[in-house]
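Go ahead and model the full structure; you've got the sequences and the hints to work with.
First to last, the sequence lines map onto chains A and B. According to our numbering, the stretch in the first sequence is residues 2 to 337, in order. According to our numbering, the stretch in the second sequence is residues 16 to 406, in order.
Don't read these hints as lab results, they were simulated from the structure. Mixed in with the good hints, there may be bad ones.
[Claimed, not checked] Pulled from the structure, derived: some chain B residues nowhere near chain A, Cβ distances all over 12 Å:
id : residue
1  : Gln148
2  : Phe151
3  : Leu223
4  : Leu276
[To be verified] Among the chain B residues that face chain A by a calculated CB cut under 8 Å, a handful are:
id : residue
5  : Gly147
6  : Ile290
7  : Tyr293
8  : Val296
9  : Ser305
10 : Thr314
Glycine included, C-beta positions come from ideal geometry on N, C-alpha and C.
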Amino acid sequence: MDLLTNLILLTELHSRRCSIYRNYIDTIFPRELPITGFADLPWIPVRAFKEFDLKSISDHDVYKIMQSSGTAGVQSKIFLDQETSKLQQAKLIEIFAEVFGGSRYPMLIIDSLGTVKDRYKFSARTAAINGFTLFSRQRAFVLNDDMSIDFDLIDEFLEKHSGETIFIFGFTFVVWQHFIKRLEDTNKKYDMSNAFVLHGGGWKKLENEKVDNDEFKYRIHEAIGCEKVHNYYGMIEQTGSIYMECSHGNLHAPGGAEVITRNFEDFSENEFERTGIIQIFSDIQKSYPGHSLLTEDVGYILPANSCKCGSVGTVLKVLGRVSSAEVRGCSDAVSR
Amino acid sequence: MLSVGDRSDFAVISKVSPTRRAPCSDLVVSFLSTLSKSILSCREAKQYPDLVTFAFFCRRSSIKRIKSSCVDANVRLGWGVALHVAPANVPINAAFTLVFGLLSGNNNIVRLPSKTWPQIDLFLAIYSEVCGQNDFAEIGEANRFIRTAHDSVELLELVSSVDALVVWGGDATVAHFRSMQKKPRCVELYFPNRTSSLVIDAKYICALNEAAVKDVVNNFYNDTYLVDHNACSSPLKIGWVGDDSSISIAKDSFFRELKILLSNELYALDPVARIDRYIDVMYDVESSCSSLVIEQIDTDVWLQGQKCLTNGRFGRFHSYNVLAFADFISNLGDDQTLSHCGFSSDELRRELIDAGSCVDRVVPVGQALNIGVIWDGVNLLNRLSRIISVN
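Shown next as structure tokens:
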């Protein structure tokens with residue numbers, strides 16, 4: 002079955018099983034016109050997972066609840082059953098293997114063990130680190146709990162795995178702030194030319210640094226001699242279906258996923274190249290209605306064949322976040 | 016302007032003396048008149064309609080009218096020092112609440128919300144300038160604007176020392192200040208969250224020509240979209256009165272003009288606010304455990320057939336059709352303001368009184384935001400001053 006049909010079926014499935022979702026889409030998308038394109042599919046704002054418990058499975062079938070810390074400290078809650086959890090893993094393996102091959106690698110994590118250890122700090126970072134650990138043979142955390150670099154650990158790790166391909170993973174701003182810049186500050190250089198770097202989580206915290214993807218890659222190369230650096234775009238609400246940067250530097254929609262953008266005014270679908278609000282589709286969300294989400298990210302899309310890498314996935318250019326509303330608050334002089 | 020953070024600043028505030036004046040004293044009236052002239056002659060002020068409205072309110076002729084609404088003004092005095100907690104949703108009310116305090120004969124401390132607005136900064140600048148004039152030094156000394164953390168020791172001390180407290184706030188702010196320690200005789204006035212409605216006579220709209228409909232819509236816009244419906248008096252519910260066919264025609268012409276107005280480049284809504292509107296609907300379907308009927312008339316015009324459990328905002332209204340105004344009264348609940356189009360205020364008031372309604376205010380569409388000395392059913396001049404009686 003094609004993706005659109007799968008997504009229509011998922012809409013029906015979640016309508017049957019999640020009453021808030023059903024009542025919401027019956028209210029907002031009451032049209033009876035046939036769905037002929039992705040833009041016709043009902044959607045929910047990704048923020049809904051921060052405000053509501055949206056699940057399409059019984060409490061008994063909840064296998065895992067993923068939570069991410071949001072900007073205002075409010076967490077997204079994603080309910081997984083075993084099936085969806087497995088599908089997420091399978092999807093991640095599929096995407097990872099396409100770019101990096103199907104093996105497991107010694108993994109250097111540009112973060113501190115404290116990030117994943119502290120259960121109260123469970124975050125998108127923890128989820129991503131644990132998710133990608135799937136591709137590790139042995140993992141080591143490069144940063145101490147105070148986010149300083151553990152140089153001894155790196156030396157030891159490189160010695161132990163000399164000659165092997167090393168998988169370096171981290172959040173974009175952590176890699177930049179606590180690794181690359183620290184290495185530059187201390188004039189420390191490594192030869193990690195046999196490694197590849199995967200990083201994600203967004204560029205928002207790097208806005209003031211005026212660093213783009215090219216600069217980021219260049220500085221990594223300067224510091225550790227690594228040329229294979231890939232960014233990805235993804236969110237906890239669609240874990241698994243990540244948009245991986247190809248060898249030509251473009252993010253592509255993975256298999257079983259699609260992306261469109263909507264204009265800022267009336268939310269109608271944008272054509273290629275036109276900047277708008279990013280909406281993402283994915284067909285592996287069986288336990289919660291997360292298959293069609295309006296994000297709060299801004300970007301534009303290009304047809305897959307605009308990139309010479311050969312991927313069939315739509316190209317996504319992420320430009321940043323939707324400007325935060327200067328909403329005149331509900332008359333509370335108390336709020337500071 | 017003082018930020019009460021350290022004790023020395025607080026000492027200045029503490030020195031605000033409880034000189035009591037008669038309501039609308041000559042000094043205050045001439046101060047306000049000078050303030051009004053200064054605002055109206057300031058080029059920069061012209062871009063802030065709320066500041067201009069405020070300046071008109073402060074003119075001598077307008078104050079004279081206000082004085083006449085104060086019962087026995089000649090045998091009254093203010094309570095002493097009044098602390099005002101200005102709201103965070105309607106910027107200019109910080110200036111209005113000061114004026115209400117001045118007119119009723121008190122010395123005033125106005126606590127501003129932490130958020131700043133250009134028109135308030137401008138107002139403060141002009142205010143300080145007028146206070147700097149010799150004639151008004153006394154007013155400048157006895158009246159202060161402050162900013163404080165909401166639970167600072169200084170604020171608690173201040174609240175416990177004043178003779179009157181006026182709190183414009185959300186319900187949370189009101190509850191917070193109500194629970195604080197005050198002088199046993201402290202006079203307290205609270206303005207918690209309220210909602211408001213608009214009632215439209217469909218036949219009246221049908222009879223209007225295009226220009227007149229434009230006027231009505233413009234007034235409606237000023238009451239609602241201009242402030243993101245965030246004022247308590249902005250209507251969130253719209254009652255259409257008439258038979259089905261007139262309502263249908265009236266809505267068509269009303270919303271045709273509204274669409275034109277909203278497409279005007281002056282109106283802009285953040286995408287995040289638009290997303291908020293979807294989240295609001297999700298809250299409503301969650302609370303009501305059912306789907307709702309929403310007529311999406313335009314990008315930012317949504318008419319919800321069922322009660323909005325979350326406050327309508329960003330262009331979402333609760334819309335009813337009723338045969339007669341009387342049928343709409345039960346939907347008003349404990350609304351504050353009833354705006355109307357095509358009715359007479361006096362007649363609507365009569366019907367509200369007969370029905371025992373909670374509504375406090377009836378105004379023609381376009382005047383919902385015009386604050387006055389009578390608010391939430393209370394004459395502030397009377398409440399913030401006391402009568403010295405003789406037998």
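Quick rundown of the hints versus the structure:
{"no.": "1", "hint": "Gln148", "verdict": "31 Å, holds"}
{"no.": "2", "hint": "Phe151", "verdict": "28 Å, holds"}
{"no.": "3", "hint": "Leu223", "verdict": "28 Å, holds"}
{"no.": "4", "hint": "Leu276", "verdict": "15 Å, holds"}
{"no.": "5", "hint": "Gly147", "verdict": "28 Å, violated"}
{"no.": "6", "hint": "Ile290", "verdict": "5 Å, holds"}
{"no.": "7", "hint": "Tyr293", "verdict": "5 Å, holds"}
{"no.": "8", "hint": "Val296", "verdict": "6 Å, holds"}
{"no.": "9", "hint": "Ser305", "verdict": "6 Å, holds"}
{"no.": "10", "hint": "Thr314", "verdict": "4 Å, holds"}
Checked against the numbered hints given earlier, this structure breaks only hint 5.
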